[in-house]
Amino acid sequence: MTVVTGQRTPVRWDYAPAPESRGAASLRDRYDLFVGGAFVAPSDGTVVTTTNPATEEPLAEVGFAGPADVARAVDAARAAQPAWQALAPLERGKVLFRIARLIQERARELAVVETLDGGKPIKESRDFDVPAAAAHFFSYAGWADKLGHALGGREWRPRGVVGQIVPWNFPLLMAAWKLAPALATGNTAVLKPAETTPLTALLLAEICQEAGVPDGVVNIVPGAGDTGAALVRSGVDKVAFTGSTAVGKEIQRTLAGTGTGLTLELGGKSANIVFEDAAIDQSVEGIVNGIFFNQGHVCCAGSRLLVQESVAEEVTRKLWDRMQRLRVGDPMDKNTDVGAINSAEQLERIRALVEVGEAEGATRRSVACELPERGYWFTPTVFLDVAPASRIAVEEIFGPVVTVTTFRTVAEAIERANNSAYGLAAGVWTDTGAKAFEVAAQLRAGVVWQNTYNRFDPTAAFGGYKESGFGREGGPSGLLPYVVV
Amino acid sequence: MRRSLVAKTYKLYVGGRFARSESGRSDPATSADGAQLANVPRSSRKDVRDAVKAARAGAGAWAGATAYNRGQVLYRFAEALESRAEELARAGVAQRALDAGAARAELDAAIDTLVHYAGWTDKLAAVMGGINPVAAPYLSFSVPEPTGVVAVLAPDEPDLLGLVEAAAPALAAGNSVVAIVSRRWPLRPLDLGEIAAVSDVPAGVLNLVSGRLDELLEPLCGHRDVNALVDATGDAGVAEQVDRLAADTVKRVSRPDGAGSLTRLEALVEIKTAWHPVGT
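So the sequences go chain by chain: B and A.
Numbering-wise, the first sequence is residues 1 to 485 according to the numbering used here.
Numbering-wise, the second sequence is residues 1001 to 1280 according to the numbering used here.
These are computed hints drawn from the structure, not numbers from a lab.
Since we're looking at a predicted model, the values are computed, not measured.
Think of the CB as a built atom: it goes at the ideal place given N, C-alpha and C, for glycine as much as any other residue.
The reader is advised that the hints may include incorrect statements.
What the hints assert, rightly or not - Taking CB as the label site, the calculated pair distances span:
(1) B:E355 - A:P1133: 28 to 34 angstroms
(2) B:C369 - A:G1060: 16 to 22 angstroms
(3) B:T432 - A:K1272: 44 to 50 angstroms
(4) B:E57 - A:T1066: 35 to 41 angstroms
(5) A:G1101 - B:V47: 48 to 54 angstroms
(6) A:P1028 - B:E210: 44 to 50 angstroms
(7) A:G1101 - B:E57: 35 to 41 angstroms
Work out the full structure, taking the sequences as your base and the hints as a guide.
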């Protein structure tokens, strides 16, 4: 055997299709609102067909709540709240433990439905979304009877009825992030899943029924922005919103002067900073994970790559090389890395901003790959030579698009990273621990990952600085938004 | 023809297996009115050493498991105990002459104790640990870690709940346990081993030994590979002896009587402080 050095052996990675079975989930033809423990048709809402963004095929009809429906849900939550609060804390916890268990038992079905309804790769919904949702309920179940330890022994009471609005990028997981701490602390909830991804929240409603959640403690009202607006104005005691900064600001204005509790988990333009002393290959994997995980539909996506000048050529070359190996396509294929864009509207937003980037003079490179004929797709894209003030380097694209800018010194990297209206997350890549901690301390971001990216855990607080919102989810701080101390 | 009952041979639970005492000895277990119910192993020094060895072997993987995993295993333990609660409550009536309500209440409390501690595993670090704001350019943080092998001296009564209350904090904190079960009512505590065995509790993490306290105290509490002692006997004479034995290898001794769960847990962890430079 001869060993040739300096020359890369060409390897073709051919994968046979490995489709997940759609039969793992049997969807009903129609899903209604979940109010007061029962599924009920909307009274003043509409019925909308939810579709698979990878095929544009209809999946099921879903009842969307009108203002009267929202009011009915809030009433149901209001009626159920005193008894839920009065339940012994451990007993509340035991109900949440059951929810966690049932999510685990129905994991396959939930993963399939999440992928069908939202377009994310099945390996992500199977290995991340669903297990993380179960873990979140499991962890907060354990807080229910230990709140004194999280609240410094202070007197506390639940907020009461909370209105929760979750986005379409992690539908089940965001519902878990919202519901678990709210329920553990004795609140009752009205949750609005996103317009394009209502199904797993409605399966979670079935799970609540099976877990013995008392009627009215959890209410699910699918709908679009108008349903969310009705929920914000419904007189709930607290609003928790995850979504865009524009809508978050609107909610904050709407609630001004009402004394309603509010937490916002909004957009981001997170910097992923690669220093010259980083392990470059691992950094490249982290960059790819940071921006192409879930098609870049991630509020904390590492969408601004900052690379130290001395390694910029190597990093961008290896990144581009690695991007060629991403498998883009059928989300139900177990080998798929990048699935479908969640909706036609989101695809249009991504396209529009990418066109702006080209017009602004940045160098665009998009992976050339075969895409399915139907559905919404955007191939992994990197912009080089990006001016720090250009729109693609400033605005959240919420798609598989990363911008690259370079820096020379640590101070410059920190300054550039912090030069954003957002402050959700950041990545720091260096083999020098002291530098990593120093940079982490200087970054104005709620989450800083060192030599990793996109790590989440129910025990670790998540949330943003600045216009990325306020309030935290996860860990003991995730309880605070749901109690009055 | 009358069918004979197939009575259970009660055994120790050591290293995930059920074993008779290596000494070949047993003691009768009797009901409240003195009737013989069964024979239980009368463990020897060697049995104790075997149990500690098994606990040490099981300690590493249990301590190294994620807190989430440990929580799920303890919750599974609670699920398994619930599935046999009726049977064990009836046994409480038959053995200890408890009334049915009290027997069931003891089971409920034991199950809920396991659920409570299942919820502690991933919260210990948040409650007991933290960043130290040191006056120098260092990231200094302190975290709780399991102390290692914990010897539990369970109370005579309540036989089942007392064992669970004494052992669960040690397990939740990531320790492995060697417990001497109730001397007066050893049968249901030994049954608990069967439940642990089908609960994803890894072999060696919970070890249950029956026998006479005067024979077992010295080999267990004096064992050099035991890190902490939980004395739940409530016996002042035992306490003095336990404290003296502990001193030989500086074992941590706690007497949890009446203590809240955090206090019980704190007695069974070490706090480790790490320092890391910060700066460019």
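Tested hints:
| no. | hint | in the structure |
| --- | --- | --- |
| 1 | B:E355 - A:P1133: 28 to 34 angstroms | 49 angstroms, violated |
| 2 | B:C369 - A:G1060: 16 to 22 angstroms | 46 angstroms, violated |
| 3 | B:T432 - A:K1272: 44 to 50 angstroms | 23 angstroms, violated |
| 4 | B:E57 - A:T1066: 35 to 41 angstroms | 39 angstroms, holds |
| 5 | A:G1101 - B:V47: 48 to 54 angstroms | 52 angstroms, holds |
| 6 | A:P1028 - B:E210: 44 to 50 angstroms | 47 angstroms, holds |
| 7 | A:G1101 - B:E57: 35 to 41 angstroms | 58 angstroms, violated |
Comparing the model with each earlier hint shows violations of hints 1, 2, 3, 7; every other hint is respected.
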